[in-house]
Amino acid sequence: MKTSLEQKLNARGRYQLEHNEFDGDIEVLIGTKKQLSPKEEEELKTKGYRLRFAVGNVISGVVSDAETLAEVAVLPFVRKIELSMPMYTE
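Just so you know, the sequence shown maps onto residues 92 to 181 in the numbering used here.
If you are wondering where the hints come from, they were derived from the structure by calculation, not from laboratory data. If you're wondering where the values come from, they're calculated on a predicted model, not measured in any experiment. For glycine and all other residues, C-beta sits at the position ideal for the given N, C-alpha and C. Be aware that a few hints might be false.
Computed spacing ranges between beta-carbons, pair by pair [what the hints assert, rightly or not]: (1) Arg141 - Glu97: 21 to 27 angstroms; (2) Asp116 - Val149: 18 to 24 angstroms; (3) Lys124 - Glu181: 21 to 27 angstroms.
Build the full structure now, drawing on both the sequences and the hints.
Given below as structure tokens:
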């Protein structure tokens, strides 16, 4: 089972983590084992994850820094973490 941030974070996120490219709030998408229970939502909040929305087993939110992201990553129901990417208009 994957237990650390480096194991759960996508390649782009690992690169940014290795090169210390996080500045300010970090917007992330998290894949979970199943839809979040109220207890799991509370665990995320306690770790510093600010939930924006949840659809099925995918949640969107924000953490304040890489250390907080690492604390979220160790939660057993967190399976995958991807950094949100900006969408630009054409």
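Using the beta carbons of Lys124 and Glu181, state whether their distance is inside 21 to 27 angstroms or not. With Cβ atoms ~37 angstroms apart, the hint is violated.
| query | Range hint 21 to 27 angstroms: satisfied by the CB atoms of Arg141 and Glu97? | reply | The hinted range 21 to 27 angstroms holds for Arg141 and Glu97, with Cβ atoms some 23 angstroms apart.
Worksheet item: Do Asp116 and Val149 keep their Cβ atoms within the hinted range of 18 to 24 angstroms?
Response: holds (19 angstroms)
When held up to the earlier numbered hints, the structure conflicts with hint 3 and nothing else.
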